[in-house]
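Student: Chains X and Y are the protein sequences, given in the same order. According to our numbering, the first sequence is numbered sequentially starting from 1. According to our numbering, the second sequence is numbered sequentially starting from 1.
Accuracy of the hints is not assured; some may be wrong.
If you anchor each label on the Cβ, the simulated ranges turn out as follows [as the list claims (entries may be wrong)]:
#	chain 1	residue 1	chain 2	residue 2	range
1	X	Glu47	Y	Thr143	32 to 42 angstroms
2	X	Pro217	Y	Asp270	30 to 40 angstroms
3	Y	Glu54	X	Leu325	52 to 62 angstroms
Covered stretches of chain Y, going by a simulated chain X footprint (3 or more residues, C-beta under 8 angstroms) [claimed, not checked]:
#	stretch
4	100 to 106
5	110 to 119
6	139 to 153
Rather than coming from a laboratory, the hints here were simulated on the basis of the structure. All values reported here derive from a predicted model rather than from experimental measurement. Glycine included, C-beta positions come from ideal geometry on N, C-alpha and C.
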Amino acid sequence: MTEVIATTPGLFPLPDWAKDDLSDLKGHQKDDLISGDEGDDVLEAYERARTEVIDRQLEAGIDGVVEGQLRWDDMLAHPLCVHDSVDTRGIVRYYDNNNFYREPVVTGDLDFDGDVAEELAGQPDVNQAVLPGPYSLADLATDEHYGDDAAFLDAIAEFLAGEAAEFDTETLFLLEPSLVENAPDDGEDERASEAIDRVATAVDADVVVHTYWGAIPEKPYAHLMDADIDAVGFDFVSDHEQNVYNIQEYGTKDSIALGVVDGQNTLVETPEEIAERIEWVDDSVPAQTFDTVYATSNTELFYLPQNKFEAKLDALADGVEEVSL
Amino acid sequence: MSPTNQTNTREQFRPEDHPTEHFLLTTVVGSYPKPKWLNRAKELHEDDDRDFDEENLQEALDDAARLITHEHERSGLDVVCDGEMRRNEMVEYFADRIDGYEFNGPVKVWGHNYFDKPSVADEVAYDEPWLVDEFEFTAGATTRPVKVPITGPYTLASWSFNEHYDSEAELAYELAGLVNEEIERLVDAGCRYIQIDEPALATTPDDHAIVGECLEHIADGIPEHVRLGLHVCYGDYSRIYPEILDMPVHEYDLELANGDYEQLDVFTADEFTKDLALGVVDVHTTDVESVEEIKENIKKGFEIVPPERLTVSPDCGVKLLPREVAYQKMENMVQAAREVEAELDAGEVDAAYVGD
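Could you build the full structure based on these sequences and the hints that come with them?
Tutor: The following block contains the structure:
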């Protein structure tokens with residue numbers, strides 16, 4: 001029996017009041033962004049906003065509830081940007097988007113930090129944690145300490161494993177858009193898979209490696225199948241054909257995450273469309289049966305204005321209700 | 001339009017009393033810092049408790065447009081504009097005037113910097129004029145020629161949510177038709193210099209063919225004497241050059257001072273067959289470049305085009321600079337251009353251009 005769960009990859013937009021309040025409290029420049037030692041006013045604003053987005057997910061009927069990653073000014077680069085051994089430098093483009101983050105430059109040992117675990121602490125309703133996958137985090141960062149790409153990826157994996165080991169959630173989403181956007185070459189693809197495996201084995205939670213903005217090329221996908229993870233997430237909004245092809249040709253894990261709601265467009269999918277997309281994938285891979293289907297938006301949701309973000313949460317939860325597999 | 005008909009669109013902007021035989025057309029990209037009192041006027045207008053109505057706001061906008069146009073004149077620029085005093089943001093301003101667009105609220109660009117990214121929820125259609133009033137007012141406030149910058153259809157499409165069209169390209173082509181309509185109105189109103197701003201091309205350089213197709217729509221039926229420019233900034237130009245040379249425009253306005261002319265080689269590898277508007281001051285530093293420094297930057301342009309095809313301009317809009325810094329950069333830029341012209345007349349500059 002397949003269980004279908006409504007969830008998201010996190011990284012929510014701030015509620016509009018919090019956009020204003022935190023702009024005023026923090027400022028607009030590079031040096032004003034989250035450093036990990038914010039003052040009480042800022043902490044309180046985030047706490048209030050976090051409670052609001054958790055409640056909103058519960059109200060919508062989302063099953064995989066995240067804390068929203070509202071403090072992640074630098075998007076997926078956040079866990080490094082707040083680390084003591086990392087300098088944040090110029091503003092650089094976030095993948096192919098009109099969004100920017102501070103370039104994190106690693107200048108020392110990436111020892112345990114605990115920033116993300118602290119966000120999850122004392123949130124009984126949150127059952128899903130979110131982290132960048134090691135390959136993407138290494139891709140977004142610059143190394144001035146470890147010396148070569150392999151050592152740097154190892155260090156990032158070790159760091160994320162240490163952070164994730166402190167989580168107490170049922171599920172962990174590792175976001176790996178770089179597996180698509182800047183896919184690993186020969187040799188690097190195997191190391192990427194091993195790095196993901198390193199993080200996944202550090203936690204008791206079910207681990208979903210979620211990808212988006214297209215499909216992973218075949219060889220890195222084949223290597224990813226060797227990692228001890230519970231599910232791979234596929235973007236069925238941007239490239240359903242190649243993603244179905246990967247699953248048909250190389251199989252997939254016992255569970256699967258399906259990006260069926262567009263995280264970068266204000267057009268809100270109807271619950272029927274969402275259910276159809278999920279059923280279409282299931283029909284397209286008849287050789288597979290799934291333990292759990294995680295129905296999600298393809299990308300993070302911070303690209304959306306607040307009203308459409310909330311409408312998408314509602315649609316996702318309602319869509320899952322209508323699925324019959 | 002004849003893409004070979006280059007110098008004819010430029011000579012019309014040479015001032016009658018221009019002191020030298022050589023003429024390096026000096027102009028700006030468009031935006032300029034807003035006077036602080038204009039922002040206060042807008043706040044008053046938004047405050048329901050204040051008696052500051054639409055008429056008061058329009059008067060403030062007129063005052064600001066006149067003031068900044070005169071500031072441009074005073075700096076000595078050959079072609080001026082109003083510093084985009086009436087525009088809030090380069091996509092929002094136009095989306096607000098096009099049927100089919102709606103606004104849902106702010107979205108993050110970076111940190112706590114947001115923009116009201118609009119959604120195309122229905123077929124786009126021409127509704128009210130976008131820039132004709134702005135042009136007419138500015139032209140009436142100065143004796144100098146006026147340039148009109150206009151956000152290009154590709155940027156209007158890619159910096160919006162597309163809910164209606166099958167592809168971003170299809171939306172961009174529809175918007176190109178509307179831009180064409182607006183340019184026809186501007187030309188009817190007397191405008192002879194129009195710059196299409198396509199910063200989104202720097203994000204997705206592989207889409208240069210879409211931008212080219214858009215420009216074909218835009219240039220369609222526009223009289224030959226009207227000078228069309230394309231502004232692209234903050235990207236890897238090697239990914240769009242030399243392909244962009246085929247676009248039906250007379251001039252490319254490029255940001256090169258910011259990268260200290262590292263990308264100059266891109267434009268010398270293949271002959272630059274159109275006019276070049278060269279960025280000679282950096283708009284992301286408050287350090288005002290000296291006249292000498294700017295003269296050296298201008299001369300770098302001669303490695304790409306001969307003097308008669310060089311326009312001198314800042315890298316990009318200067319709206320993020322303090323106003324006095326923006327002014328000083330323009331004044332030094334004009335001064336530098338005039339000195340280089342005199343040196344050219346005297347045969348003292350060894351223009352390095354090696355083309356025809």
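Student: Are at least 3 residues of the stretch 139 to 153 of chain Y within less than 8 angstroms of chain X when you compare beta carbons?
Tutor: Result for this restraint: violated, n = 0.
Student: When you take the CB atoms of glutamate 47/X and threonine 143/Y, is the distance between them in 32 to 42 angstroms?
Tutor: Given about 60 angstroms between the Cβ atoms, the range is violated.
Student: Do three or more residues from the stretch 100 to 106 of chain Y put their C-beta atoms closer than 8 angstroms to C-beta atoms of chain X?
Tutor: holds (count 3)
Student: Count the residues of the stretch 110 to 119 of chain Y with a beta-carbon closer than 8 angstroms to any beta-carbon of chain X: does the count reach three?
Tutor: Since three or more residues must qualify, the claim that chain X covers the stretch 110 to 119 of chain Y holds, with 7 doing so at under 8 angstroms.
Student: Go ahead and decide if the range 30 to 40 angstroms is satisfied by the Cβ distance of proline 217/X to aspartate 270/Y.
Tutor: Given range 30 to 40 angstroms: holds, Cβ gap about 32 angstroms.
Student: For the hint 52 to 62 angstroms, verify it against the beta carbon of glutamate 54/Y and that of leucine 325/X.
Tutor: Holds: the Cβ-Cβ distance is about 57 angstroms, inside 52 to 62 angstroms.
The structure shown violates the earlier hints numbered 1, 6.
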